[in-house]
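Engineer: Sequence:
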Amino acid sequence: MASDYEKTATIERFLERIITRAIDINQHIISEAGKGTEVVRGYGDTFLVLAGLGIYPKEFAEEIAPSAGLRNRLVHEYDTADREIIYTSVSEALEQYAKYCAYILDFMEKQ
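Under our numbering, the final residue of the sequence shown carries the number 112; numbering is consecutive throughout.
Calculated directly from the structure, the hints in this document are not laboratory data. Bear in mind the structure is a predicted one, so any value in this text is a computation, not a measurement. Watch out, some of these pointers could steer you wrong.
What the hints assert, rightly or not - List of simulated lysine-lysine pairs, DSS-like, C-alpha gap at most 27 Å:
1. Lys100 x Lys8
2. Lys111 x Lys100
3. Lys59 x Lys100
4. Lys111 x Lys59
Start from the sequences, fold in the hints, and give me the full structure.
Structural biologist: In structure tokens form, the structure reads like this:
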């Protein structure tokens, strides 16, 4: 049976990978659109730029953008992540990234 440490590490890695892939997708769409790159100051901004391109609502972008900060904390181990925050984050991420995928798929189908 997996220890709490192993479970937490697995969840952290899941969060890191899904957020990083979304950022990669965002950067690709921004690059293809050929605009908005001047306002991308960080990974979180990539979500805001996609809202500006009409891919999803600004409110959704503001909701999901902070996940980029969580990704940075996980990747660079800025601090020891609190288990409770990690478990809460995974629930939010599942909801947010399911919506994100739906928005991206809808956008791609229109291209």
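Engineer: Which of the listed hints are not met by the structure?
Structural biologist: The structure breaks none of the hints.
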